[in-house]
Amino acid sequence: MRLTVNGRNHDVDAAPDTALLYVLRNDLQLNGPKYGCGLGECGACAVLIDGVAARSCVIPIEGCANRDIVTLEGLGTRECPDPVQDAFIREQAAQCGYCLNGMIITTKALLARNATPSEQEVLEALRYNLCRCGAHIEIIRAAMRAAGHTLEARD
Amino acid sequence: MADAEQGKRGSLSVVRSAVLGAEGAFETFVSITADGSVNAYNGHVDLGTGIRTALGQIVAEELDVSFARVVVILGDTAVVPNQGATIASETIQITAVPLRKAAAQARHFLIARAAERLELPVEDLTIEDGLIRGHDNRSISYGELIADETIRLELTDDVPVKDVSAYSIVGRSVPRVDLPAKATGEPVYVHDVRVPGMLHGRVVRPPYAGVDAGPFVGTSLIAVDEASVRDIPGLVAVVRIGDFVGVVAEREENAIKAAAQLKVTWKPGPALTDLSNIERALRANPSTPRQLIDKGDVDAAIAAAAKPMQRTYVWPYQMHGSIGPSCAVADYDSATIRVWSGTQNPHILRGDLALLIERPESEIELIRLEAAGCYGRNCADDVSADALLLSRAVGRPVRVQLTREQEHAWEPKGTAQLMDVNGGLNADGSVAGYDFSTRYPSNGAPTLALLLTGRIAPTPAVFEMGDRTAIPPYDYENLRVVANDMPPIVRASWLRGVSALPNTFAHECYIDELAAEAEVDPIEYRLRYLKDKRAIDLVNAVAERAGWTPRPVRQEPEPEGDIVRGRGFAYALYVHSKFPGYGAAWSAWIADVAVNKATGDVSVTRVVAGQDSGLMINPEGVRHQIEGNVIQSTSRALMEEVSFERGAVTAREWGAYPIIKFPELPKIDVLMLPRQDQPPLGVGESASVPSAAAIANAIYDATGVRFRELPFTPERIVKGLHGEQPAAALAPPPQPVQRNKWQNPFVKRGGILAGAAALCAAAIGIGAAVLPWRAIAPITRTDASVFSAATIARGKELAALGACAVCHTADNGVLNAGGRPLETPFGTIYATNITPDVATGIGAWSYPAFERAMREGIHRDGRHLYPAFPYTHFARASDADLQALYAYLIAQAPVRAETPPNALAFPFNLRPLLAGWNALFHQPDTFRPDPSKSEVWNRGAYLIEGLGHCSACHSPRNALGAEQQRAYLAGGFAEGWEAPALTSLSKAPIPWSENELYAYLRTGQSRLHGVAAGPMAPVVKELAALPDQDIRAMAVYLASFNEPADRPAHEALVAKLEAGTAVTGAASAGARTYQGACAVCHEVGGPPLFGSRPSLALNSNLHSDVPDNLIQVILHGIAKPAVTDLGYMPAFKDSMTDSQVAELVGFLRRQFAPGKPEWTGVAATVGRIRQTIAR
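Sequence lines, in order, name chains A and B. All residue numbers for the first sequence refer to the working numbering, where the first residue is 840 and numbers rise by one. All residue numbers for the second sequence refer to the working numbering, where the first residue is 13 and numbers rise by one.
Chain A with its partners taken away, still in its complex shape (with noise of 0.2 Å):
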């Protein structure tokens, strides 16, 4: 199976049913996507998949051939972070940050489809998102801060 990881191709040696976490976690050894619930029910595992995001704990690697996969790592580095992801840090949202990929990824699908989206249009997007400790306050200012808009200052 060829695969198209953040740009580069990638020929990976597994069942073709085997789910797309698990194949860049292991074969191509990157951290972003995690393992949450196997069901796509709290988006931990989020990547772009032709721009969209996807849940790759449910996709089959078979259903990625010839499809633009990107992951947390595909959008910036720690030196040179993306928008979205320096928005994230800058807003410090996150706590354990288990959740951080998926609201990272998830706020850059929708800035995509969606570049200037109110406070109500984040939290819809972000609703099958789940975050257990309770970051959501900085999550949302990350979103917001990452779409242009002008935070509120924090006494």
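Keep in mind the hints are simulated off the structure, nothing from the lab. The reader is advised that the hints may include incorrect statements.
With beta-carbon atoms standing in for the labels, derived distance ranges [unchecked claim]:
id, chain 1, residue 1, chain 2, residue 2, range
1, A, T916, B, P1056, 58 to 64 Å
2, A, D907, B, R242, 35 to 41 Å
3, B, K679, A, R952, 35 to 41 Å
4, A, R841, B, F475, 55 to 61 Å
5, A, P922, B, A905, 52 to 58 Å
6, A, P922, B, K731, 45 to 51 Å
7, A, R952, B, A469, 43 to 49 Å
8, A, P922, B, G407, 44 to 50 Å
Cross-link-like lysine to aspartate or glutamate pairs, in silico, EDC-like; alpha carbons within 20 Å at most [what the hints assert, rightly or not]:
id, chain 1, residue 1, chain 2, residue 2
9, B, K679, A, E960
10, B, K679, A, E918
11, B, K679, A, E958
Cβ atoms here follow ideal geometry from the backbone N, Cα and C, with glycine treated the same way.
Given chain A, work out where chain B should sit, using these hints.
Then chain B, alone, in the frame of chain A:
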């Protein structure tokens, strides 16, 4: 860095003799190396709260170095001090104390040494980022002072630390050090550990899900069938020790497959405690009363009360619910046994691991890495032990991650709790007495592998943990508090707020009730009994911030439609650790709620959360903790409750255990009192503690009804307001399956079989008259080169039309090589090999033999073929088409593959009977066009009636399995799936039209009906080979059996159906499952995700007379869609119980097909379909 420091190897460390370990062993708190870098060591770990950052600030401050220079090392047993488990918000308050002193001590030592070197008095020196400077501008760095020396200072207790007024790093907000790595996918978590040669393991847990005490624990395994996983590629081992079962494979997905596939036999389930009524279960659990305080004369005071008030408060079992299931890597084979873990208590776990594998602790190194937040204790320890056992078994490093289902089922729960308050009011409205009793099942939760392997006995231990904040913060004159210590019922551990949160729920609701009875404003009433100055300041500050208006008597709120609004207050000083314990931060809440009196939905719209945390090391970090606590505890109060069936945990995914979602968040206003002159206090839990009471008090303010049991679900609210159980919450009782008669051929039913046998016997006479059939002589394989490429290509299309490969290819088998079992009511028939292999396929078949099989259902050797092979349709094909099909099949590569013998019961195993069947039901005529119809219609008819054989599934069959001609395309059953009616008898809310049929057959999806699933998915996949005009012809033909399409009317109906069925609430378990598991891909208007977004309101399956297809797709998912663009649906069979699926199915039917009657016998159908194999 100064050049002089280059190459120096010395260090300065501040140490303390180890509490445990060998003579002379010591623990290091701070070390500074000659290059000027600083390492700080702490025995606690960062559970996502940011203590790594806060501890770095403390060390940088006391050492007078920049924050960036300090590296904080947490939880690695080889290097960090043993400071116990990371619990009770005590890292900053307790375990940071020696670290601060150690840093101060190092600074004192270094500045004294500098004074000596520079020959200046200490008072004349200043320090900036580790550089000590005299007033004469001479300077010397820490590194230079250390140079090549190894300096070890014994930590002293009386070392002076900085005055708060001198702080420049502590008390300022510092960005978390860990976030850039986490936001960019650098390896951070234990989940990211990759060791050379690492294998992947998974465990299989016993059926007594979530229960860890009782004689059945560790003794319930009967057998593990290793043969059941023999086909898994790269399987390394199946490991069994007592009730511990695990598998190890080279690749992770194969370990997952093996764990799911492994056949394990367990003893019948033990009788577990019935937890359907928590109050009853906790009262029945044996307990030992432990009196914590007895002040005044409580009994006399209550006896004399003017208004006695006895109340009971109930807290449910709840989950930590870590977003990442626990993971660990163990390497048993190295010289030192190494375990990479996300544990909360590295040293304690190391002890457990040593016990587990019977090796000394000193041989085990436990390396702590970050993990998903856990707010207490999740399965991090369990999985570490699992990994170690598996690594020991295979002698290689093994990574194990628990499944979501295992984490949910087996995580030690936040325990249920029961609080009884007896008391009342005096005539003057003062509190007469307060007699408080709390029942808290214990929370020891030994590391699971110790229990499962039998290393320790599964004897329930009783701990004194129910007493946290059991004494109310109010100065009641007559006060008695008793903690009833009891063994666990369900595996439990501390969860944020431990017993303090439920105890405070009772204290703060009760005082609210007292105030209401006394007709005094609830805040004012509290202040009468609150003596703690800082508490009073906080309460007043929060009331002011929220704009609290005194409410001595509840006012009925002005309703906004069904919505009423209310406001509630609660306060707590979280007193934790061993009784009498000590206080963490003070916290107070004012919660605003909106209650929908019709639906019972409660939303918390705003929370003002005030906190006095003493000195805040990192104020932004404190704010995050407050917000996190507010959000999480609001979630716990509103919706969280572990579900059980027969005493075992059944909530195994986020639909069964919902947590708060973004749109449900309250607005949060955080008020942090400036107390930088006071000692720092734990902030990890305090803001949770007033939550449930503040919300309950607000619901009372809104509705006038007191709710004393969590969670405040819509069902509970509706019941409280209207005194009735909403019908939606009740699952219908299981009833026997009823089916229409025509569905019977593919359902096993004894009566029908008997009838069929009788008819078959009658048919023998007819059959005998037309026998015998002769064999057609075998040929040596036909040379495919006699066929033109165009003929072969046309044949390939026809094979796709006939979907030959769908039946003639086994799962994971070679194309057309046969072997797929076809379950029929008459037994199992195996599809044959139709590749041109001479011995096992059709290589020896001449065209006449092939044609006879296709038209008459006779094997080349003269045997009758079973009509599972649809020759009754194929007979309609033209000669040219059959020749092309033959050409294609013969041109394939031959594959040698024996077809397994059929397994049919008598008399169906008698092939000659089929002659009679054919005489009754088969008309071997080719297709004759209907001149009254269009050419395109006739083309469609030819394709559909002939090779397409659509009615083979979509028409009902009679008792002998023949299609009922009078009910053509009126719906049938195949492979456990309903093949719905394609005519105007369709149950779908919107009739089929040519365009929708075309879309469905071409793309696998009709927006107005749904996506192809089950046996239809591969059919559509095959049809991809056909040209558009053939698909269009099929659509035209099929559409002619429906009313003419009225597109505007359809569109209007779509809008009406979708708007009318939008899911806004979650008023039943089924609705919550939908919200948690289904809505992400199915709610209309939800955020786009890869794949299709089928609208359930329009879906044929929701509107059918039978729930089979819906249940099929929920249990088995869609692993092989017609085209990958449609996306995939996961299978939920291993994540939901039969009754959970039945509740979901019931909800989906009520919600999305509101005009249709409820399905009956759903639970039984779920049980039956669970046994079938996924298509």
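Hints, verified against the model:
Evaluation of the 58 to 64 Å hint for T916(A) and P1056(B) yields a pass: the beta carbon distance comes to about 60 Å. A beta carbon spacing of about 38 Å between D907(A) and R242(B) agrees with the range 35 to 41 Å that was offered as a hint. About 27 Å separates the C-beta atoms of K679(B) and R952(A), a value inconsistent with the hinted range of 35 to 41 Å. At about 56 Å, the CB distance of R841(A) to F475(B) agrees with the hint of 55 to 61 Å.
Range check, P922(A) to A905(B): about 53 Å between beta-carbon atoms, so the 52 to 58 Å window is met. Checking the proposed 45 to 51 Å range against P922(A) and K731(B) shows it holds: the Cβ atoms sit about 49 Å from each other. Hint check: R952(A) to A469(B), Cβ distance near 58 Å, so the stated range 43 to 49 Å is violated. In this structure the hint that P922(A) and G407(B) lie 44 to 50 Å apart at CB holds, the actual value being about 48 Å.
Between K679(B) and E960(A), the direct Cα distance comes to roughly 16 Å. Compliance with the 20 Å bound is thereby established for this hinted pair. Restraint check for K679(B) and E918(A): not satisfied, since their Cα atoms lie roughly 34 Å apart, outside the 20 Å limit. Restraint check for K679(B) and E958(A): satisfied, since their Cα atoms lie roughly 13 Å apart, inside the 20 Å limit.
Hints 3, 7 and 10 from the earlier list are contradicted by this structure; the remaining hints agree with it.
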